[in-house]
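Just so you know, the protein sequences line up as chains A and B, in that order.
Take 1 as the starting number for the first sequence in this note's numbering and just add one per residue.
Take 1 as the starting number for the second sequence in this note's numbering and just add one per residue.
Just so you know, not all the hints are guaranteed correct.
[As the list claims (entries may be wrong)] If you only want the chain B side, here are some residues facing chain A, beta carbon under 8 Å, derived: (1) V104; (2) E107; (3) V141.
[Unchecked claim] Beyond 12 Å from chain A on every Cβ pair, some chain B residues (computed): (4) A45; (5) E109; (6) E264.
Please keep in mind that the hints were generated in silico from the structure rather than gathered at the bench.
Yeah, the Cβ is synthetic: ideal placement off N, Cα and C, and Gly gets one too.
Protein chains: 2
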Amino acid sequence: MAKSWSTEPSEALRVRAGFDLASADLAATPGWEHGEKSAEKRLAADGVHLGEEQERLFAQGRSGGTRSVLLVLQGMDTAGKGGIVRHVLGLVDPQGVQLRSFGVPTEKERAQHYLQRIREALPAPGHIGVFDRSHYEDVLVVRVNQLVPREVWEPRYDEINAFEQEVVDSGTVIVKVALLVSVAEQKARLRERLERPDKYWKFNPGDIDERAKWPLYQEAYQAVLDRTSTDHAPWYAVPADNKWYARLAVGRLLRGALEGLDPEWPPADFDVAAETARLDAQPF
Amino acid sequence: MAKSWSTEPSEALRVRAGFDLASADLAATPGWEHGEKSAEKRLAADGVHLGEEQERLFAQGRSGGTRSVLLVLQGMDTAGKGGIVRHVLGLVDPQGVQLRSFGVPTEKERAQHYLQRIREALPAPGHIGVFDRSHYEDVLVVRVNQLVPREVWEPRYDEINAFEQEVVDSGTVIVKVALLVSVAEQKARLRERLERPDKYWKFNPGDIDERAKWPLYQEAYQAVLDRTSTDHAPWYAVPADNKWYARLAVGRLLRGALEGLDPEWPPADFDVAAETARLDAQPF
């Protein structure tokens with residue numbers, strides 16, 4: 001029997017008014033008191049449930065259902081977004097997952113509204129969509145580096161809230177995860193990328209330039225959490241200095257989102273007896 | 001220690017001149033003499049290797065590499081294509097997999113060359129692409145149902161060979177898998193879909209109509225295997241009446257394709273010492 005949460009992450013990690021990023025303990029494991037070994041078992045068990053719910057959601061999607069789930073992953077470099085994809089989304093049928101990474105916008109993307117590429121990547125009915133970075137980059141990297149003036153990025157918070165309301169109204173449950181790594185842990189992880197030849201490919205000199213702006217990023221993240229953690233699309237602040245905890249927590253949040261939808265097997269849209277008779281009548 | 005193949009599937013299942021579909025034993029387990037339980041362990045072990053090779057391939061793709069792998073899955077309804085995706089591709093990082101299902105062409109797709117939608121779905125560098133059905137439908141369902149006249153589909157075999165040569169020349173290893181289910185086993189699997197409410201969504205009355213044309217499909221599959229199993233992109237005929245065997249074999253073929261590429265970790269394209277010094281110089 002896998003061990004249980006003392007407080008569900010949907011409660012323990014939900015960003016509410018007054019959340020203060022600067023004072024958050026990023027090595028903590030809110031709601032989980034059983035350590036790493038037990039966490040692996042819990043995640044594996046949650047993965048089985050997740051897989052079952054996901055298949056029902058997928059079946060719904062194939063049968064005219066309109067529901068879907070969107071997991072938004074935000075975090076500084078090395079926060080562990082890729083690990084979440086591998087270790088949490090890796091637990092469900094790849095057929096039901098639509099993964100999209102958002103890098104620096106292409107020239108074509110820059111020419112259009114910043115939400116356009118987001119709209120085009122929204123999950124199809126029946127699917128779990130995953131955004132590795134997202135429209136929030138347009139109020140994070142863009143704000144920190146002043147890629148557009150304040151009067152352009154400032155209205156985006158409200159615009160994003162309205163956009164997400166629209167997405168939710170169309171049948172998508174949005175789970176927004178801020179993977180929060182401490183500045184010291186980030187240094188250790190970047191150093192590892194510089195020490196291990198099998199990690200070189202993950203390193204980019206630009207990562208160090210961005211890291212120099214850490215206080216500005218903290219401010220920008222705080223603003224995101226203050227202004228876009230809504231009832232329809234709340235943020236979850238996930239302490240990520242322990243990778244195992246972050247994976248455990250996101251797996252649980254995703255399971256919760258699927259269970260909230262509680263998809264049922266779609267009924268037959270054909271005459272079962274008649275089709276059985278047709279099959280039986282075939283000579284081979 | 002996981003048990004071993006007596007003959008590698010790349011040898012045992014490769015379609016060579018003279019392969020006769022009608023006389024193939026589709027409940028056989030060529031090259032594997034250890035039964036189902038051992039097969040699960042073997043697949044899990046192969047999955048670990050597959051995951052490691054896949055990560056190196058992905059790293060290469062991120063660092064300017066041009067290599068990729070394309071797994072083409074063909075088979076009659078119920079042959080187990082979806083199960084391969086779930087149980088074999090589910091073993092690797094979702095980030096490195098590009099899955100594409102080819103259904104009935106859309107109006108837009110019908111207006112263009114039949115290979116156009118295929119070209120657009122080819123895997124990006126560093127990725128494992130998976131085609132659930134493929135351009136072969138244009139000489140299978142299209143031929144059987146005479147959706148275009150013979151003088152249109154007849155030249156497609158050569159055209160497909162030339163197209164695949166081009167894809168291979170651009171750096172993609174192609175693994176073509178024909179999942180071969182017997183007509184009796186297909187009947188049993190369709191009946192299951194009619195008996196179990198959690199399987200209804202997989203059933204389509206059209207499946208029974210297509211099944212009525214089984215001999216024509218056999219003929220069309222035989223022609224595909226005769227005419228498009230080339231040195232640059234061979235077919236593997238995978239007996240699929242035992243789902244566990246098909247998964248084991250495809251996992252092994254995929255592992256072999258990755259190992260053949262033998263991707264190495266890309267070297268640093270930056271000055272490691274200089275970047276380490278920059279990182280250490282940061283105040284936090």
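These are the hints, each one checked on the structure:
1. V104: violated, 14 Å
2. E107: Violated, because the Cβ-Cβ distance from E107 (chain B) to chain A comes to roughly 19 Å (cut-off 8 Å).
3. V141: violated, 18 Å
4. A45: It holds; A45 (chain B) is separated from chain A by about 17 Å at its closest Cβ, greater than 12 Å.
5. E109: Non-interface label stands for E109 (chain B): nearest chain A Cβ at 17 Å, farther than 12 Å.
6. E264: At roughly 10 Å from the nearest Cβ of chain A, E264 (chain B) sits no farther out than 12 Å, so the non-interface label is violated.
Violated hints for the displayed structure, listed by number in ascending order: 1, 2, 3, 6.
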